[in-house]
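Novice: In case you want the letters, here they are:
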Amino acid sequence: MSFHPKMEYAPARFHKSARTLPDPGGDFTYTAENQAKFDANVQRYPPDQRKSAILYALYLAQRQQGFLTRAAMAHVAGQIRCTTADVEDVVSYYTMFYTKPVGTYVLNVCRTLSCALLGAERVTEAISEKLGIKVGETDASGMFTLIEVECLGACDRAPVVMVNDDWEERLAPEQVGEFIDHVRAKGRAAFTGCHLHKEK
Amino acid sequence: METVTLTIDGTQITVPKGRTVLQAAIEAGISVPYYCYHPGISIDGSCRVCIVKIEKMGKLQTSCSTVCTDGMVVHTREADVVEARAGVFEFLLLNHPLDCPVCDKGGECPLQDFSYTFGPAESRMDFPRRVFDGEGVKADVDFGPTLMLNRNRCILCTRCVRFMKEVDGDAQIGIVDRGAGSEIATFEERGVHSLISGNLMDVCPVGAILTKDYRFKTRPWDNPGVVDTICTLCSKGCNTSAWLKAKPEWARGSQLIRMTPRFNADVNNYWMCDIGRFTYHWAEGDTRLRKPMLRPSTSPGQAPLEPAAWRDVEPKLRDRIQDAGSQDPASVRFLVSAHASTEELYVLKQLVEGLLGNDGARAVTVTWTRSDKRQPEGTKFKVPGTDAPNVNGAKDLGFEVGPGNEGMPDLTRLRTDVEAGRVKAVYVLDPGPDGSIGDVSWLVAARRSGTLPLLVVQGVLMTELAAAADIVLPGTAWVEKDGIFTNDQGRVQASSRAIAPPGEAREDWQILVSVARSLGLTMPYETSNDVRRALATSKPGTGYAEADHLLFTRPVPARNWLQASNPSERWKWDFLFQDLPPVKGHSVQMEGVPAQETSIPLKPVG
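Chain order of the listed sequences is X and G.
Under numbering that gives the first Met the number 0, the letters of the first sequence match residues 0 to 199, in that order.
Under numbering that gives the first Met the number 0, the letters of the second sequence match residues 0 to 605, in that order.
These are computed hints drawn from the structure, not numbers from a lab.
Bear in mind that the values here come from a model prediction, so they are computed numbers and not experimental data.
There could be a bad hint or two in this list.
In silico DSSO-like pairs for lysine-lysine, Cα to Cα no more than 27 angstroms straight-line [to be verified]: (1) G:379 / X:50; (2) G:52 / G:16; (3) G:216 / X:15; (4) X:185 / X:133; (5) X:15 / G:379; (6) G:394 / G:372; (7) G:381 / X:50; (8) X:129 / X:185; (9) G:315 / G:290.
So here's chain G without its partners, still in its complex pose (with noise of 0.2 angstroms):
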C-alpha cells in the first residue's frame, strides 16, 4: 500500500494514498471538527468548519477537501486558524436556534460539542433569528413516517441530501430556495418514505431531522449503558447497538431506548434499515410472555391457560410428550423459526437425535417468512428477502431448509401429517416477533379441532398459536441471551444479553436443554458457552470452530463503549463526555496568544 507522511501540529503522521487532512487528523486523534463529512458518503466542503492552514498553500483550507500529499504541513492549533474557525462557528449560529435543553440531540449534538471547543465566547448576533414553519413546537413538523423535520436547527450540511441521494438511491430531499432562505425539503412537502430513512436521524449532525421513535423520550446522559449486538430482523445480521435506559423507574419497565447501527464495513457499513431500527418494543411488549403457562383441561378449548411454575410444568411437559411419543417417536415434531439462535438449534438437533435416531433432523420443520421490500433500483444498502437470521445456521446443522435465504420455507409435509392425523404433539420453538414463522393458521385449527392433541409452544409473545397451545413455555427475544447467527454471507455473529428476561423468562437453549433432560437425554451444558464449545468441537474447520472465542458484551458504560468501539460515530462520540472546560470558548489556546479573560463581567443592578 502506497503511504504519505505529513505533519500535522507538529506529528509525523503517515496514512494510506489519497486519504484527506482531515481523515489523517481523525486517525491521529488530533480533533479537527466537521459536519458536512461523514466517512459513509461523499465529500461536500459545505460547512467550512474543518479548515487548516497548510504551509505553502495560500488560503486555509477544508481539510475534509483537500488529499494528502507527501511533506505536507499542517496546522490546526495555530492563531488564525482557530480565529477562522471560530468566525465559522459564529456563522452556523447566527440562526441556530440555542433550545439545546429541549433539543433531543442536545448532549450528543456535535454542533453543542464543537461549539463549545471551538467556537467564539459569545455571539455579536443582534437580530431575529431565522424561523422556518414556526417557533417552538411549531418547528417540528412531519417529515416522513419516521421522522420530524426541525428546519430552524438545520445547517445545511447536506449529509442527508447526500445520504438519500447516494445511499438510499432515491434523491427525496433537496435544498428548496437559496442563500439565507435555503432549507431541507422534500417535494410537495411529502416526507421521506424510504426503508432506510432512519439513518438521516445518525448522519445529521444536529437535531434537525429526529426520529419520531426516539423524539421526547429521554436525553443522552440517561441512557449510558450500550450494548454491542446485532440486528436479528432479517438475514442480513446487520452489527448494532442496544442504547439501555439507566433509570428503570422512569423507563417504566421498558429498558431498550434505541438501536444504532454499528460500523460493520463487510455487513452493514454505516447504516441499517428502519425494521431493525424500530422494531424493537415487541421485546418488551404487553403481550410478552413471562410465566409458563399450563391447559388445565387436555380438550381443546375447554380451560384458559393458567400461569404455573416450572417445577410444575416440567413433569407434565415430560408425561405429556412421552405419552405422545409412545407408539411412534416420530409422531412427535418440531416446528422451529429461524429466529433461533445456532445453540438452540444444535441442543434441538441433540435433542431430536437423543430421541429419534441418527435421521432426527427429519422430525424438525424449520420455518421462516419472506417480505417484499420496495427499495429504489440503485441503493447501496439493500434489505435482504428472509425476514429471519439463522437460515443459514438451520442449514449447517444440517435441518431441511429448502432453498434457504433464497426461498420460502416448506411446511407442505408437516401440515399434511398433521392434518392427517399422523402427528400427536407438535413442540413450536418461536422466540422471534409475532408472525415470524409465518402463517400457522392451519395448526391452531388443527388443535382447536382436536385433530393435533398436543401443542407446545416455546416462545417469547402471547401470539394467536400460543393462546391456542397447551403448553406455553417463556423463552427469551434476541437482546436477552446471548446466541449466535449465519447470515446470509455466511458470517458467523454474535448477539448479547443486553437486558435481563423479563418474570420467569428462561433463556431458549436452557429450556430445551431442561426438555431432554427430563426426557432422560444427556446434556451436559451449564452456560451457553459450553453448548457453543460442543458446536466448535463437532464443527471443526468452520467458522463454528472459533464460536466459543466470540465476543459478548455487556452493557458497558457509554464512555467506554464509545472509545473501543463504532468508528462510524465517533465524530459524535469523542466529544461526548469529553472533558469540557467550565467556561465556553476557551478550551483551545491560540499558540503565541495570551489566555483570555475568563472571568464573567458582572453588570450592576438598577
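Just chain X, same shape as in the assembly (with noise of 0.2 angstroms):
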C-alpha cells in the first residue's frame, strides 16, 4: 500500500506498535431504523459542520451492538464523511463508548474529589470484591461491568454510581453488596434514581 513507485514497504521489518486495538468486528451498518434516526439527526447541523453528529452517530451504533467495533467506526466514519481516525479519537476520548462488549448494568463509580473524600475508593473495592472482577472487567454472569469515570456532577450527593444512564446516590461501601443484590433480583426497579428526578 505504499504511494511511492520506489518505495517499498516493508512493515514486517520493523516493530509493530503495542497498543491494543478495538476489536474489529463483523460487517457492521446501521439497521433501517438507526439509519432513518441518523439521517434525520444530521439535518439538524449546517452541511459543513456535518461532524457534529458524531456523537449520535457512535451511540447509534453502541446501541445496535452493545460496544463499537472497528467495522462499526468505520461505518460512521462513512457516515460522517470524516477519517476513521477521527472516530477513534472521539471514541477512545468518551467513557461512555465501550470497545468490548459490556454487561447489562454497566457500574460508572465515580473517583473524582468529593466521591473520593467520602470513600469512592472502598466502593470500587466493595463492588469488586462482591463480583469478583476488577475495573474494566465483566463479571461472569454478563451481567455488570464496572468502570472508573471523574466526576458525574453529583458532588452534593457523594459518593455517586452511576449505572447505565441513571444515578445511584449516596451509595456507601457497606450498602454495596445489598444494591448489587437487589439489581439482580429486580433489575431496573432497584435503581433508586436522582433525587432531582424523586423530588418533582
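Reassemble the complex: the two chains are provided individually, in unrelated frames, and hints are given to aid placement.
Specialist: Next up, the structure:
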C-alpha cells in the first residue's frame, strides 16, 4: 500500500505498535431504523458541520450492537464523512463508548474529589469483591461491568455510582452488596434514581 | 497595512494587525519557546510553554493564541513568567525519556534546547516514566512506509494531527485515549500513507516522528554543510536544502544526508513531497556513471562498453557524428530530458542551430514522464503530474513540447523516423534519474537491431539505454551543477552545486560545449554563468533577463545558513548553535531574583 513507486513498504522489518486495538468486528451497517434516525439527526447541523453529529452517530451504533467495533467506527466515519482516525479519537476519549462487550448494567464509579473523600475507592473495592472482577471487567454472568469515571456532577450526593443512564446517589461502601443483589433480583426497578427526579 | 504597536520586554514593536504576540516576539528576536505553534498550520495552544505576562490581563497568557493589540505591554522575563514556564517544562519532561544521546532529533531538538534554556535545573520526578509500546528499541514502531513513531517521546503538541488534517487533507492521525494515556495513533495502527508524510518529521518538535530514511544515519552536528537548492523531480520546483555530511570517510562515499524543504510562500510553502525528499540516493548510487565509455566495435551488441578517457572519446564522438550527418545533417537527432537545465538546453539549441540552421530545434525531441499521484481532494500541497522540472524552460527556448506540463511528450515523429531507418544517430541528454525519459525500449531495440547506427547517451546513470549506447558520457545530477529551471508557474529558479560530480563526470553544459566545439562551432562559454549571461542577453525583458543574477549557494556552515535562510525552520535552528551556558537551567536570568547557586553539590562516597 505504498504510494511511492520506488519506495517499498516492508512493515515486517519494524516493531509493531503494542497498542490494544478495538475489536475488528464483523460487517456493520445501521439498521434501517437507525439509519433513518441518523439521517434525521444530521439535518440539525449545517452541511459543513456534519461532524457535529458524531456523538449521536456513535451512540446509535453502540445501542445497535452493545459496543463499538472497528467496523462500526468505519461505518460511522463513512456516514459522517470524516476519517476513521477522527472517529477513534472521539470513541477513545469518552468513557461512555465501549470498545469491548459490556454487561447489562455498567457501574460507573465516580472517583473525583467529593466522591473520593467520601470513600469512592472503597465503593470500587466493595463492587470488585462482590462481583469478583477488576475495574474494566465484566462479571461471569455478563450482568455487571465495573468502570471508574471522573466527576458525574452529583458531588452533593457523593459517593455516586452511575448505573447505565441512572445515578445511584450516596451509595456507601457497605450498601454495595445489598444494592447489587437488588439489581440482580429486580433489575431496573432496584435503582433509586436521582433525587432531583424524585423530588419533582 | 494596518499596524499595531506593542511593548515586549521594554522594546516597542510594530507589527501588522492580526499577528499574535508570539509571532511579534519571534520577528523581534525575543526568544519565547513554543512547540504546538507552527507557522504553516493552525494555532492550537496546547503546549503552554509560550506563556507570557500581559499587563491588565489577569493570568499568564499563551502568546501563540493572543492577538497583539495597540498599547499591549508584554513581559517574558519576569520572575512569575520564568517560574511558570519552568513548571510547564517540568511537566513536559515528566514522561519524556532522556534518550537524547541516541535520539535522532538530538542536537536539533527544540525540546532539548528550550528545556536547557527555560526549563528547571532538575526534575522532581521520582516515579517511573509512562511507557508505550516498550522501552529502548521497542519504543520505535512502524508508522507507515516512510515513518517511525516513538510514542514515549511525544509531548502531544498535535502538530502532526493538524498537519494531516489541514495540509494533507486526510486526517489519518488522531489522539487516542485521554489524559495520561493519550497517544498519537492511526486507525488500526496502519501508519501514515501520504505523499507528503516526510514533513511530519519536520513538524514534530521532538524525536517522536522520524523518517526511516534519516533514522540512525547521522547526527546533526556531523553535517554542518547546507546548500540552498531546488528539487527537480517534478514541475513544481520546491525550494529545498541539501544537507551534506561533513566527513566523507564516515559517509563512505555518500555525501547527501537529507533533503528538507525551504520556505517559499509562492511555491511550496513550508513543505515538500516524499518523492523529492527521499529520491536523492540515485545521484550517489552504484549505477552512477563515473567515466566516459566507448564500444570498440561499431556493430551492435558485439563488444561491451569500455571505460575511456575524455580525450579519446571526444574525437571519436566527433568523427561518428560527422559520419552520421555527412549525407543529411538532419539525420542526427537529439532526445532531451526535461530534466536538463535551461543552460544545457540553451547550449544545445545553439549546437543544433549551428549544425542545421534556424529550424535546428526540430531535430530535438523533449521528453518527460507523468505519473498519477494519489492525494486527498482537500490537500493544500498538490504534487503536479509532470515528473520533470524544466518543460517550461524548453518551451521558452523554442523547443517543441506539445501540451507542456499538462500532458505527455510526443515522441512518435522521432520513433517512426528511427524505426524507418531515416535517423543515423540519436544523441540522448538524460541528466535525470533512471526512467525519467520515459519508455525508450524502442530506442534500445532499434540500436540492438542495427536500425539505428549510432546511439550516444549523455547521462548520469547506467540505464538500459546507456548500456545499449555506443558512446556514454558521464554528466551531472541536479545537486552537482548550477542550473536554472522554469517551473510550472513560469518561475525561474536555481539549483546549486552542492557536491562535486563523481569521477570524471562533467557538467552537462560543458560536455555540450565541447561537442559543439569539436564540431567546429563557436561556443564562447567558460563558466555556466557565461551561458546564463548569454541567455539573459538573448531574452531581454523576460524572467531570464535576471538569470545571471540568480543566487547559487555553496555549502555553507549550517550556523550561517540558519541565520540567513529558512524562516520555516528558524524556530528550530535559532537554538541549534546558540552558545548555551555550561550549567543547565540558568540561562534566563529572572529580573529581581538573585542568581542561583550554580555549583554542583558533591555527594560524599560511602
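Novice: What's the verdict on residue 52 (chain G) and residue 16 (chain G), does the C-alpha distance respect the 27 angstroms limit or exceed it?
Specialist: holds, 20 angstroms
Novice: Would you check the hint for residue 15 (chain X) and residue 379 (chain G), treating anything up to 27 angstroms between C-alpha atoms as holding?
Specialist: Given that 27 angstroms is the threshold and the Cα spacing comes to 30 angstroms, the pair is violated.
Novice: Are the Cα atoms of residue 216 (chain G) and residue 15 (chain X) separated by 27 angstroms or less?
Specialist: holds, 21 angstroms
Novice: Hint check: residue 379 (chain G) vs residue 50 (chain X), CA-CA at most 27 angstroms. Holds or violated?
Specialist: holds, 21 angstroms
Novice: So if I understand the rule, the pair passes when the alpha-carbon distance is 27 angstroms or less; does residue 185 (chain X) with residue 133 (chain X) pass?
Specialist: holds, 24 angstroms
Novice: Is it true that the CA of residue 315 (chain G) sits at most 27 angstroms from the CA of residue 290 (chain G)?
Specialist: holds, 15 angstroms
Novice: With the threshold set at 27 angstroms, check whether the alpha-carbon distance from residue 394 (chain G) to residue 372 (chain G) stays at or below it.
Specialist: With a Cα-Cα distance of about 24 angstroms, the restraint between residue 394 (chain G) and residue 372 (chain G) holds, given a limit of 27 angstroms.
Novice: Are residue 129 (chain X) and residue 185 (chain X) close enough, with their CA atoms no more than 27 angstroms apart?
Specialist: Cα-Cα ~17 angstroms, so holds.
Novice: If you draw a straight line from the CA of residue 381 (chain G) to the CA of residue 50 (chain X), is it 27 angstroms or shorter?
Specialist: holds, 25 angstroms
Hint compliance for this structure: hint 5 is the single one not met.
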